[in-house]
Amino acid sequence: MPSLTLVQAINTALREEMQRDEHVLVLGEDIGKNGGVFRATEGLYNEFGGNRVIDTPLNESSIVGVSIGLSLYGFKPIAEIQFLDFIYPAFDQIASELSKLRYRSGGEYKAPIVIRSPYGGGAKGGPYHSQSLETFFTHIPGLKVIIPSNPYDAKGLLKAAVREDDPIVFLEPKRLYRSTKSEVPDEDYIVPIGKARVAREGKDVSVFAYGAVIPTVLEASEKAQQEGISTEIVDLRTLVPLDLEAVLASVKKTGRAVIVYEAPKFMGYGAEIAALIAEEALEYLEAPIARVGGFDTPYPYAHENLYMPTPTRILNAIKKVAKY
Amino acid sequence: MPSLTLVQAINTALREEMQRDEHVLVLGEDIGKNGGVFRATEGLYNEFGGNRVIDTPLNESSIVGVSIGLSLYGFKPIAEIQFLDFIYPAFDQIASELSKLRYRSGGEYKAPIVIRSPYGGGAKGGPYHSQSLETFFTHIPGLKVIIPSNPYDAKGLLKAAVREDDPIVFLEPKRLYRSTKSEVPDEDYIVPIGKARVAREGKDVSVFAYGAVIPTVLEASEKAQQEGISTEIVDLRTLVPLDLEAVLASVKKTGRAVIVYEAPKFMGYGAEIAALIAEEALEYLEAPIARVGGFDTPYPYAHENLYMPTPTRILNAIKKVAKY
Amino acid sequence: MLDIASKSTNIDEAASKIIPYGTIPLYDYLNGIGNICQIFNIYVITGIFTLTVSQGFYAKPNILNTEMLSTGRIVGEDVRETIDPAPEEMKKIYTLMVLVRAADIQAITLQRQGRIGFYVPCQGEEASQVGSAYALKPEDWAFTDYRAPGIVITRGMSLKSFYAHLMANSEDNTKGRSMPSHWGSKALNIVTPSSPICTQLPHAVGVALGAKMKGDKIATIAYFGDGGTSSNDFHSALNFAGVFKTPTVFFCRNNGYAISIPVSRQTASSSLAVKAVAYGIEGIQVDGNDALAVYSVTKKALEKARNGGGPTLIESITYRMGPHTTSDDPKRYRDDGELEEWKTKDPLNRLRSSLEGRKLWGKEDENNAQEWAQQQVKEAIAHSEKIPPPHPRTLLEDVYSQPTWNLQRQLHQLSEELGGS
Amino acid sequence: MLDIASKSTNIDEAASKIIPYGTIPLYDYLNGIGNICQIFNIYVITGIFTLTVSQGFYAKPNILNTEMLSTGRIVGEDVRETIDPAPEEMKKIYTLMVLVRAADIQAITLQRQGRIGFYVPCQGEEASQVGSAYALKPEDWAFTDYRAPGIVITRGMSLKSFYAHLMANSEDNTKGRSMPSHWGSKALNIVTPSSPICTQLPHAVGVALGAKMKGDKIATIAYFGDGGTSSNDFHSALNFAGVFKTPTVFFCRNNGYAISIPVSRQTASSSLAVKAVAYGIEGIQVDGNDALAVYSVTKKALEKARNGGGPTLIESITYRMGPHTTSDDPKRYRDDGELEEWKTKDPLNRLRSSLEGRKLWGKEDENNAQEWAQQQVKEAIAHSEKIPPPHPRTLLEDVYSQPTWNLQRQLHQLSEELGGS
Ligand SMILES: Cc1ncc(C[n+]2csc(CCOP(=O)(O)OP(=O)(O)O)c2C)c(N)n1
Ligand SMILES: Cc1ncc(C[n+]2csc(CCOP(=O)(O)OP(=O)(O)O)c2C)c(N)n1
Ligand SMILES: [Mg+2]
Ligand SMILES: [Mg+2]
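Chains as they are written, first to last, in our numbering: chain E, 1 to 324; chain F, 325 to 648; chain Z, 649 to 1069; chain C, 1070 to 1490.
Don't take every hint at face value.
[Said to hold, decoys possible] Simulated pairs of lysine-lysine, DSSO-like, Cα-Cα distance not exceeding 30 Å: (1) F:Lys-357 to Z:Lys-1007; (2) C:Lys-1160 to E:Lys-124; (3) E:Lys-319 to F:Lys-357.
[As the list claims (entries may be wrong)] Output of the computed footprint for chain Z on chain C, the stretches with three or more beta carbons under 8 Å from beta carbons of chain Z: (4) 1337-1348; (5) 1450-1462.
[Stated by the list, open to error] Computed, partial: chain F to chain C, Cβ under 7 Å: (6) Asn-383; (7) Asp-489; (8) Pro-565; (9) Ala-573; (10) Lys-576.
It is worth saying that the hints were derived from the structure and are not from the lab. Every residue gets a Cβ at the ideal spot worked out from N, C-alpha and C, and that includes glycine.
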């Protein structure tokens, strides 16, 4: 079984899906000869040519809007937004068009495209190459939102996304693109959408997280273990539809919940997890819920390591909740 | 004291602020001769002329972007977005520029403009003239978000917003624009930003809400009273910065919380309220939190009365929480 | 150049003074008093009264200075030769316009009576809408906005479907979900529109690109208004279409206003058609109250598109004779005089007198057409008013291919609330 | 028209074969081998080698067909007469270009050594950046993007500030918050840029509108790249500026590529300058490697703006000689040959030999300038490297005018985490 980085796993998934189905296309800025600024589309232009690997003008609105049209005509476009921070020009197309087409047309039309984009910090990208904007997409009915945290899931989830009949926002944690390698099967496999993964079993505290922060959470969890606290880590993987069962099962087991995400804390996705627990499993809670998020500021350049949830900050939250 | 509708109160606040300070401008689509499609700017063009009441091309990005520039040059622009649903083309300007300018420039530059826009359902507007999009703005650090629910607050909060030194998204519940009149002082007054209002005192259940749903909440509360449940209604008024003290004070008093909003339930603003309560007042809770939101669908045309939180749905939640 | 405006005569009448009807069917008068000129790759059909009377539309009422015009190629002749429709077709176009007018007026009435919630009238634009849509083939795709009665009816939408949508009943294609005046139909290749301005344009480009890649000889057409040219997606779509030479026709209904905003506040460009230059595509300006001119220009653009010639921007100059929507009061921002003037150029009168001049149409034809149209409208409304509203359960459907758990729960909740219905 | 490209000679050398230097300072060769032509209200300066060698830039390498050119007005003469800078100014422009080149090369080195995190080089664009910025007055406002070393240094930013920002130390105007290469300075009227493409353009229009309303005779200038012309805000800003005739100069640095995407994939238009037509404003294309031509064209546009003449779109044709950023590898998408060819048109060599031709510059001047520049750079870096990073507390400041409760709490939390520092 080959050992791949996360971005290689993405690349593999794209290649395999393009080989499987000639209607699958990729389009975006600098994805052709250049192979994408993170090399996620490396080699695809040579293999599939300019009609299926389409370099576009510098305009995200038309990248998404034209993808919708291609989808209406029977293609399966995978649109790359170079950095998630640059998705705003496509917001109207995503929120007004992509997500609502099936509903507003009485089910007559649909546009199940995939939008993939690197997100999150840790790459010294400053305010505009680091943001975690998942909140926005999770609040737009009609979209599904997926965030893998490791190479295996990345390949399997992306392949599942390409085969899904709904529009998908697929966010890739850029700081994990090359941080580690792990074994990724050569075969065709999918990781089902809507299913969380227990990344580590434990009994004292549940930690809910996804994407870029998972390695940091694992690190904090390791430290907690050393202090005698057993944490269960639930990697949500799909933010919409959320695997509510997995969340409730874990919190019912441990009675304690910490939620970790990198976006600004206020109205970050963890708010919904906390709210659902407070609605549906309150009687199981033995301690207040704790959220660890980014600061409620724009993303900074210097000191970004202090901005992102640090192992210490996560550990403190785990300890506070465990000892309540 | 004159009796005004909410939209008249807005109109009055605009006029008074424009009289007070010649740097205050309004700009947007159809706000001049036409007085705005909801007549919020009625009469201003005649009083202040085309240099201060500026009809713009049909492009929300430049409405906000040019307002930022005007603000940099010392003006105080109040930009109207005709319907909140049409703010998406301005999203890049709002999220990338308006909210981050002060931070990214090390405090050297700022653009404290006001963006006002009618939001919410109840006007038979279908998917694109009805949406409640407050979630987005509350998750963008650097913005303040205000939603009045009655004529008095509308005037006082808008005047406060115009004088604030931060960019503000000011959302006006369109279905309350003319639904009732109430007394609004002729004098200059402001309602402070960041302070909630207890709309009704009570002891059994706290209901947190804002804007368009407040009258429905009052109706449900009335019915609950008839069934012997005393509700305390907290009209949040400012979503960012939230009046956390008021929220916690009420929930600590009643031990029960219902949160009502019209936006799709999942990741609606109520999630943050619920999360904060679960973090900061869990030990006071005597029942699970209940959220009543819109459905997790696009906004419909037919049956919109079933989509918006109905008095029955709110009442059921109150009863469920009260009887837990 | 003749200034017809000051005489405020009927346009066909005026034209008759220059060249006799009947012999030279299309653009007869055009070559007489106007000019069609190619600058860069922009075709501009000027003159045609429209421009002389459209003061207030543009900062500069003259589209091109004459020095430029003199270098242009006159394309009127070959447009006429290749595309003039057969007499039967012309009559059909006119009859459709009569039907659209009748359906439109009745819809306004229904709205005023509270029997439909909202309506976007198209009176004055019938030539632009019917003329252009008539040039489409069934396999072409249409992307409209809310002001589209003439387009969807010409494309074959039954009046039952037309009113079913306006009444948001259970026969509405959108299942009562879209606001009235957002007609869509998969069967007719009309993609259900949204309300934000011009967001449909990139879709028209995408479908066209798809067709081009598959080698299908179809074209797409995207309709939008003058105000739409200011929108982000006008730019994003035309630019993309230019680069990829997609088979897309961008049809701009320039009706003079975006709600209350005149075109002169929308852009400082000398015309809307000229914006094509910015995208390296062909732009053409046409008298939008002349159904046959609109038909010809659109047909030619569609054929060019299908044959690999790339996109075209058509600016069809017309006038919205009614309010922006049933919620609008144009008296707040328009002079009565302006409307009166445009009434003399009513597209129905215009085509009718043209047909009369060609001896293709008489009083009886007219009576028959009017009666037929009224009958169609009456029957459709009688039918539609009997149809019940969509089931409340439809509120929770079609968000995804399969309902997610939260939608299932919400449906359950709703059912309970409605007494398990 | 002379095809200089095929001979690949130094551009000034080539020009010298047509008209002797020194006597006709600016646009000498331009009138000889190029054309400046007014179409609509677009001025296009063609010829000038740039166009003949810029194959791959545009689908159609010739900006205008000659038929059109023949109707144009030659404006070279009066540009030269009114705006040619004095000899001392020319030397200053050159010296600034030398300084910018030195600062730029050193920044790349520092990045390669890991001493700064990221950098956006400007080599090849010095004439465009310095020439245009030199035409600004202190009270004008500049809106730049990330590729702006020549602009900010010309505008008066000290190299200490320049490197303080790149090193994100506590003397950085942005307090270490912006990614390197996003210089801003309130004192210099340079509004701190963001990274999204062209979002600064509407701001430049807004400031210009404000100045116009107050009656202040200033202009704003907004810089952006060729790729930027595809962005939404290019459209939104130029359209707004056209309607309100704001005193704004839109300066497009057409360096041939948007990262890996050549201009031919960016637009099908015949040039970028021609896009001005869509907004009813003036467009002008200039040889962006000729500092004096850039200076003149910009100065004229600024003066026009200040005097109520409205906005101008300037397309400055140049070449990015280095990578897009320090994260980019241009070998993946560009031929070496292309770079070699453009090296022969290096803007520094170009202006230097022009100055030499005018007997304004000699070997000693050159040595002095180079040494001075190196010294400046060295001192600035020595200084900046000693400056500590910003205090972590700055992470939580300047989000609002006053910190909200959550920011206060988070600051408190952070302080505790850092041991109460
Ligand atoms: C992005 C956006 N902004 C504002 C609106 C509100 N609005 C609806 S129609 C309209 C005017 C459109 O004018 P035009 O494009 O000329 O088309 P017309 O209505 O005249 O046919 C406006 C401003 C909208 N629908 N979308
Ligand atoms: C909206 C947006 N999309 C994508 C990017 C990523 N990006 C940064 S620079 C760039 C290319 C810009 O090219 P151009 O405008 O020609 O300027 P140049 O870099 O050549 O000076 C791209 C695509 C961005 N910054 N903003
Ligand atoms: Mg219009
Ligand atoms: Mg470039």
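Hints the structure fails to honour: 1, 2, 3, 5, 9, 10
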